[in-house]
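Chemist: Working from the sequences, and respecting the hints, build out all of it.
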Amino acid sequence: MERIPILKMGEFLLVSIQVDMHDRLAMSLQEDLTQRIVSARARGVLIDISALDVVDSFIGRMLGHIAAMSRILDAETVVVGMRPAVAITLVELGLSLPGIRTALNIEKGMDLLRLASAERQTGN
Amino acid sequence: MDTNKSSRLAAILNERESEILSDWIRLQGSSSTRRLIGEEELHRQSKDFLAALRQGVASGRLDDIQSSPWDAAREILDSLSRSRARQGFTPSETATFVFSLKQPLFQALSSYNQGNDEFWNITLLLDKLGLHTTELHQKSREEIIQKQQREVLELSTPVIKLWDGILALPLIGTLDSERTQVVMESLLQAIVDTGAGIAIIDITGVPTVDTLVAQHLLKTVAAARLMGAECIISGIRPQIAATIVHLGVELHSVITKATLADAISLALRRTGQVIQRVRPLSSTQEAGRGTDSDS
Numbered sequence: 001m002e003r004i005p006i007l008k009m010g011e012f013l014l015v016s017i018q019v020d021m022h023d024r025l026a027m028s029l030q031e032d033l034t035q036r037i038v039s040a041r042a043r044g045v046l047i048d049i050s051a052l053d054v055v056d057s058f059i060g061r062m063l064g065h066i067a068a069m070s071r072i073l074d075a076e077t078v079v080v081g082m083r084p085a086v087a088i089t090l091v092e093l094g095l096s097l098p099g100i101r102t103a104l105n106i107e108k109g110m111d112l113l114r115l116a117s118a119e120r121q122t123g124n
Numbered sequence: 001m002d003t004n005k006s007s008r009l010a011a012i013l014n015e016r017e018s019e020i021l022s023d024w025i026r027l028q029g030s031s032s033t034r035r036l037i038g039e040e041e042l043h044r045q046s047k048d049f050l051a052a053l054r055q056g057v058a059s060g061r062l063d064d065i066q067s068s069p070w071d072a073a074r075e076i077l078d079s080l081s082r083s084r085a086r087q088g089f090t091p092s093e094t095a096t097f098v099f100s101l102k103q104p105l106f107q108a109l110s111s112y113n114q115g116n117d118e119f120w121n122i123t124l125l126l127d128k129l130g131l132h133t134t135e136l137h138q139k140s141r142e143e144i145i146q147k148q149q150r151e152v153l154e155l156s157t158p159v160i161k162l163w164d165g166i167l168a169l170p171l172i173g174t175l176d177s178e179r180t181q182v183v184m185e186s187l188l189q190a191i192v193d194t195g196a197g198i199a200i201i202d203i204t205g206v207p208t209v210d211t212l213v214a215q216h217l218l219k220t221v222a223a224a225r226l227m228g229a230e231c232i233i234s235g236i237r238p239q240i241a242a243t244i245v246h247l248g249v250e251l252h253s254v255i256t257k258a259t260l261a262d263a264i265s266l267a268l269r270r271t272g273q274v275i276q277r278v279r280p281l282s283s284t285q286e287a288g289r290g291t292d293s294d295s
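Residue numbers (my numbering), protein chains in the order written: chain Z, 1 to 124; chain X, 1 to 295.
Worth flagging that the hints you see were computed from the coordinates, not collected in a lab.
DEER-style ranges, computed between Cβ atoms:
hint, chain 1, residue 1, chain 2, residue 2, range
1, Z, Glu2, X, Glu143, 48 to 56 Å
2, X, Glu143, Z, Ser50, 36 to 44 Å
3, X, Gly173, Z, Glu2, 47 to 55 Å
4, Z, Val54, X, Arg277, 47 to 55 Å
5, Z, Phe58, X, Asp64, 56 to 64 Å
6, Z, Phe58, X, Ala261, 37 to 45 Å
7, X, Gln189, Z, Gly10, 29 to 37 Å
8, Z, Phe58, X, Pro158, 33 to 41 Å
By construction, the Cβ of each residue, glycine as well, lies at the ideal position given by its N, Cα and C atoms.
Modeler: Structure, rendered in structure tokens:
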């Protein structure tokens, strides 16, 4: 069964979704990611969805769940590269994903994660 | 059946063409059409149409102007109604082009001593053609209106790159669902194109903000946020602020500023940029600077 690769970059995890998400794939990503956050002791997760044409309500909610779970596991989640059409669809569906941080591209997403991580360290 | 009659009509049209044509043009000239259109053009149009009419009549299908023998006549009327609609003719002026042909035609017919049903047929025919003209005139006017609406829609949603990483979207006029859609799309596309992190939506030019407009604004802000850009709404007039509160619209999740200047200074701070004065202020200009209350 196909799986979405999760890459480790320093203290962050990088997930780039390149294929059409179906529900089972989304569920397995959610499981893999939480496992990986714990095993890699990650401080942040970056999910790149720039290749996705369609994000339905299920995937939208799954993204929200991933963000909530990661936060419990002490990792920030940033979703990057959402296309305009996808953003409009999600808003029309009433899913504005309030718990998720967003950034325009991977570069800015990484900046955001580093910033959040630095803030947390100074807070400790 | 009436092929015989119509061929007679065609023969009359043929024989007395120049007479009918000159009578017709004289009649048209006496109505008000002439001030908007040149004599030569009128002459050409009339001549072409008469030739096409003859062609149609010769086919014998006087009852059906949608049939193929009438293609030429319809085509001439098409282009004529369209151009006249653009030139600002009224529908009746446009239809008069066809209706004024009645008199010269009847005169020509009566001198040939035709029966009553011949008159009846030609009246019906010209009525149909006249109505066709009116319909086309109406249609092309509607097309013009639609085109203008589209142009207004495009004109009214410019996305300005204000500074490095800062976009501005000055909204002018009432926001309805269709316009919000266009605004949202062009803003999001501009965010992708420029990679801007902050967008300022200025609603100084929006006359009223009701719950629907506020909802549209919130949607735009939410969509921009999903893409990773922050939105600031500026240009909120006191009355509008009062309306928003009275309506109970929740704008807590959005940064709002009273003026565009405040929004720009906040956006600059957020992106880590400053605008600096290189010459000292002259004493008369000391106003509206250094307000540091934000977020």
